[in-house]
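Here's the letter readout for the chains.
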Amino acid sequence: MTTSFWLSLGLFFAILAASSSVLALYLRQVLDPNGKTWLDPVFAPLERWTYRFCGIDPRKEEDWKGYLASLLVFNAVGLLLTYLVLRIQQWLPLNAKGFGPVSPDLAFDTAVSFATNTNFQNYAGESTLSYFSQMVGLAVHNFTSAATGIAIAAAFLRALVRKGAKTIGSFWVDLVRTTYYLLLPLAFGMAIVLVSQGVPQNFSPYARAQLLEPVAIAGTDGHERRVETQEIVQGPIASQEAIKQLGTNGGGYTNANSAHPFENPTPLSNLLEILAELLIPGALAVYLGLAVGRRAHGWAVWGVMALLLFGGILLCWRAEAAGNPLLVAQGLSPFEGNREGKEARFGILDSVLFAVSTTATSCGAVNSLHDSYMPLGGLVPLFNMELGEVAFGGVGSGLYGMLVFVVLGVFLFGLMIGRTPEYLGKKIGASEVKMAALSILVLTLSILGMSAWAIASSWGLAGIANAGPHGLSEVLYAFSSTTGNNGSAFAGLSGNTPWYNTTLGIAMLAGRYLMLVPVLGLAGLLAAQKTVAASQAAFPVSGVLFIVLLLATVFLVGALNFFPVLALGPVLEHFLLHAGQTF
Amino acid sequence: MKDLWSRLRVALLLTALLAVVLGGVYPLAVYWTGRLLFPFQANGSLVRAPDGTLLGSALLGQNFRGSQYFHPRPSAAGEAGYDATASGGRNLGPTSKKLVEAVAQSIADYRKENLLSPDQRIPADAVTASASGLDPHISLANALLQLPRVARERKMRQEELREILARYTSKPWLGLLGEPVVNVAMVNWALDGKLGGR
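Protein chains in written order, with our numbering: chain L, 1 to 583; chain X, 1001 to 1198.
Because the hints were derived from the structure by calculation, they are not lab data.
Model, not experiment: these values are computed from the prediction.
Every residue gets a Cβ at the ideal spot worked out from N, C-alpha and C, and that includes glycine.
One or more hints might be untrue.
To spell it out: a stretch of chain X is covered by chain L in this simulated footprint if at least three of its residues, at any positions, have a beta carbon under 8 Å from a beta carbon of chain L; those stretches are [to be verified]:
id: 1; stretch: 1052-1060
id: 2; stretch: 1146-1156
id: 3; stretch: 1168-1177
Just chain L, same shape as in the assembly (with noise of 0.2 Å):
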């Protein structure tokens, strides 16, 4: 490891701390209803006129039943929204390669992955969707379903601090100031910068570039057929990019991701699109500490995420600088690592950087393929979405799972040295503790459970790729990146069936609102009980004793729950490939 990768790496988590704690001065104010911002004299007209065109009363709170009822109906509606789009894309403007409608099942896979902010690619963007169907049909739900996020983290935390409270806010308005004063500047000015960069946004037809060099392919029915034009995607892909990295949602404007040169053209950029979607995840565990009057517990929690994507990171670099040896053995060079589905201008590093984090936090963007990492190379990615990606995690989500792993670390830690478990003054009992195990429960079963049913039917096999424990490992990523709302892929894996687009489907929704329910849940506990004085007893929540506690607890979790598939995929792979064993 040379000094310019740490030199790399401290840059990278200098500005993350940095842009974090700005970010979180900003966030009390946005998810303040009475909050003032610098943006006012632009949003707050549009979001008063808002609340009057849509009949929202700012000032009426909701108890968690009926946050949830109004999130839920919110999503439902635009799942539909999007359902419908797709399917009559056909009619709409801005379709100027004529597509026609996306098939029921893909349309309903993609409408429910980008309602559950998860943004799994069965879809091939350039050459499915029209210009219509990506700016209204997916851009929308890239910042609702972020909203939707944040606006629960924030009420969990209203509901840490209230005291005997029967309501924790108003969903209503956290969704719309969060939009309006959070996600849309960030989105415009990063997407001018990704412009500058070279990221299209027009709406002109796709360009037809005349080849110098024809090339001869072998027709399907033997003819020859000469290819002497290259056709060039256009479209509004700057705006609809910058919110999919800063919303963590991940859904490509094509097929490629952000490995597309016209995604993401320079380091430089590549290094942009990183930051964001790291950037509020990060920002919002430093508000927690603010927002319970506690900011060394808010950078406690924010060092924990930072340990477990710097292990991450490592640990992939490693792998993936190390190169792959059966390809060496055939004259590769053996200095400059596995190179295989990764782009030149990114090379190992940017291109593991990029990987760990969006597993971490659940963008499930990609800027290489995760299908031809090496073993272990790829089991860090795999690894962070079932811890639940809570190393930052998604917009929001990731803030509310790392909060169920502090609940549990709290109960089980408490218990083992006799204390009363409680935190931030309010008691963890067995009600408490329960919500927190049900929504990490309803994690494990989907992945285990649909991975198991995939691997042990027909429909589930015949989508694998690659044969040996790589197979295994494309199915268990599949329905680990849809149960945690990451959206990256294996992507050797044919998901694009009937039957893999429902299977999907159903374990983004069970990933994203199975997990909720329990989560409003224990804030609407919270909030109604009245906080005990702090007494002497009270269990530390800052500081290295806290941060070893809540990092030996997620990894218990995870490893307790995941080890055991994990050794018959990727770690058998590992041993295989050393042994020189092919597939």
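Using the hints provided, position chain X relative to the given structure of chain L.
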């Protein structure tokens, strides 16, 4: 039930409004601003020959197989490779027999084309497929191994070719991010005199 209807009404109105703001106004604002500030990039970095023919995009690779050209990386995009409407990679895992065979074949071809010795180690990017299938770049090491062949075919001095390569080589950002890479399509267009006065 009345409760549900009122929620549904708000959800429908808000969805409609946000579809207009986020799905309409936002991309249009980016479009107008982008076109004003960075017109070349906003339109896909399209490169034209002096006679107006569209050569391609400065950001997308193209397939060149002739011996007078620098060759790009293997591509899995479309049947012919470098199909810009079918981006994607091979998606073969590290223990895939297909991958090992494909790489072995590419190594043999590469050595033969460039008259290299059978124990010459081949730069990894030259024989592995990129993720997008549209990678416009190759590594500097890869380009330098191809350089004697192109110089021979075009009857050019190697130093002259090196200068052209340098012109289309991008350096890492701040010396930290990314790797030094050569834009293959730009070099080949320049060699064929398609880039005008440059």
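Hint-by-hint comparison with the structure:
Counting residues of the stretch 1052-1060 of chain X whose beta carbon lies closer than 8 Å to any beta carbon of chain L gives 8, which reaches the threshold of three, so the coverage claim holds. Residues of the stretch 1146-1156 of chain X with a Cβ under 8 Å from some Cβ of chain L number 0, which does not satisfy the need for three, so the listed coverage is violated. Only residues whose beta carbon comes within less than 8 Å of a beta carbon in chain L count, and the stretch 1168-1177 of chain X has 6; three or more means the coverage holds.
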